[in-house]
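A.B. asks: Just so you know, the protein sequences line up as chains A and B, in that order.
Last residue of the first sequence: number 64 in this note's numbering, and the count goes up by one each step with no gaps.
Last residue of the second sequence: number 1201 in this note's numbering, and the count goes up by one each step with no gaps.
Among these hints, one or two may not hold up.
[Stated by the list, open to error] Some chain B residues near chain A, calculated using beta-carbon distances under 10 Å: (1) G1050; (2) F1052; (3) A1054; (4) Y1106; (5) L1109; (6) R1111; (7) I1139; (8) K1143; (9) M1147; (10) M1169; (11) V1174; (12) F1178; (13) I1185; (14) E1190.
[Stated by the list, open to error] Below, simulated DMTMM-like cross-link-like pairs (lysine to aspartate or glutamate); rule was C-alpha separation at most 20 Å, straight line: (15) B:K1143 / A:D26; (16) B:K1009 / A:E19; (17) B:K1140 / A:E19; (18) B:K1009 / A:D26; (19) B:K1143 / A:E19; (20) B:K1141 / B:D1193.
[Unchecked claim] Derived CB-CB ranges, DEER-like: (21) A:T17 / B:V1031: 19 to 29 Å; (22) A:T50 / B:T1002: 29 to 39 Å; (23) B:I1010 / A:S4: 30 to 40 Å; (24) B:V1031 / A:I30: 35 to 45 Å; (25) B:L1038 / A:E19: 25 to 35 Å.
For the record, the hints were derived by calculation from the structure and aren't laboratory data.
Backbone N, C-alpha and C define an ideal beta-carbon position, used for all residues, glycine too.
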Amino acid sequence: MKPSTPWRILWNAFFWTYERATWQYDVMVIAILAFVWLTPPDWLGDPMATGRGPIGWLIDTFLH
Amino acid sequence: MTFTGLIGKICLYPLQLIIRACVAMGIHPNVLTFIGVLINAAAAIALARGRFIAAGVIMLVANIFDFIDGKVAHESNAVSAFGGFWDSVIDRFSDLALFLGLIYLYSSLQRTEYVLITALAMMFTIMTSYTRARAESLIKKCKVGFMERPERIVLFMIGAFTNRMAAVMWVILVLSVFTVADRIIYTYRELRDTRPEEAIA
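If we strip away everything but chain B, and leave its shape as in the complex, we get (with noise of 0.2 Å):
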């Protein structure tokens, strides 16, 4: 087994426990999802204040909501498309909140630099997410690229806990631009060898 796969292994057990409550509860998952952004936007708060290891731990809490409400959907019989739709597009709103709490923090500091380094990183963030949902309604499938939300996730929370957060804005900003360009390029190979009358839409 690898090192990252242990990990995932050893969390899984207590959200397990989590998830199995929610569904004893009848939790709606779309409920969990708005849940999640709410306690983001109290993490986002956090980082603008400065306060790590405070947004560090809201962070975590949020995004155990994340982690089970697809979960829970799934365990309760409550999947449905909106419920995809409205998940993605929370997750977004949960994205940019982290990134804001940031970008106020820097300015409040007059670090232009880091402000300008995170709005990249936070207008890669969402071209990641774009790229793939576009190239979704054009090919099949478009899961390519590193840096995805729950690595960005965990990023931000390594970086809260041990005041490394500079150097997490520059993982995330450069392995979102790759992240992009890798989708793009796939995505043209995909359709090059696709005749238009193949192709989703």
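Next comes chain A alone, as it looks inside the complex (with noise of 0.2 Å):
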């Protein structure tokens, strides 16, 4: 049985077998980065960052 495409992606993306400089490459990099700066550092309680970073400060904007 042929699996399903989510599941290819994340097969693809964590069992990692791109070259750098790949589209594939660049699309890893952004879902990183985006990680990186958009998760609030309280939801991670980070011991140097406080605040609730752009998520936090979309979520207090729109949904509040």
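Put the two chains together into one complex, using the hints given.
C.D. replies: Rendered as structure tokens:
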């Protein structure tokens, strides 16, 4: 049975075989940077950074 | 051209000037490698004191040395087997120094959970290098998995410059675990399809 597309994407992301400077590498870099910069430091219990970050700001602005 | 390819090309231009200067001055690449680890030790001290911006700047300088040593060796015809070995060993010391700086910082802040996360990230970072080195004594190539040294170093600098070191530790930990697993599975599959007498050692 052929694996579904989301499962295949996840599998390829974690069991990585692509070279640097490919579009797949770009997508992975963007995903990592999004996690690092957008995740509110409070969610991770960051010992050095404070605040809720861009996602927290968006939630505060539009959902409250 | 890809986004990361473009960044690589832009960064390469000033680095090539430094490489040419080092070659012109006749600096031995092994000396550059050693200077790199000393500067990384200074970055580790800055991390331990919680001075992330200073640590980021120092890491940037240290990694210029890390990057150019191999290129200088190539351009000055000083490539040697020992140089490759020396570079790999010194790189491990540089990696460990940065993680130790963070472990010191988190333990001084009494954040046990981040001491553990950083220690685990450090462990899987070393295992990433070890699995590839050991695999390549048995099979020709084991270059699979995302989280290699250049990615780790850039992440450390991003974490330091933008004060997002906790998120960076999570990324390094999770992707290093998968990189190690990836290398074990890849080596298993390669060796399964190889008769014992065909394996390298």
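A.B. asks: Hints numbered earlier in the text: which of these fail when held up against the supplied structure?
C.D. replies: 3, 7, 14, 21
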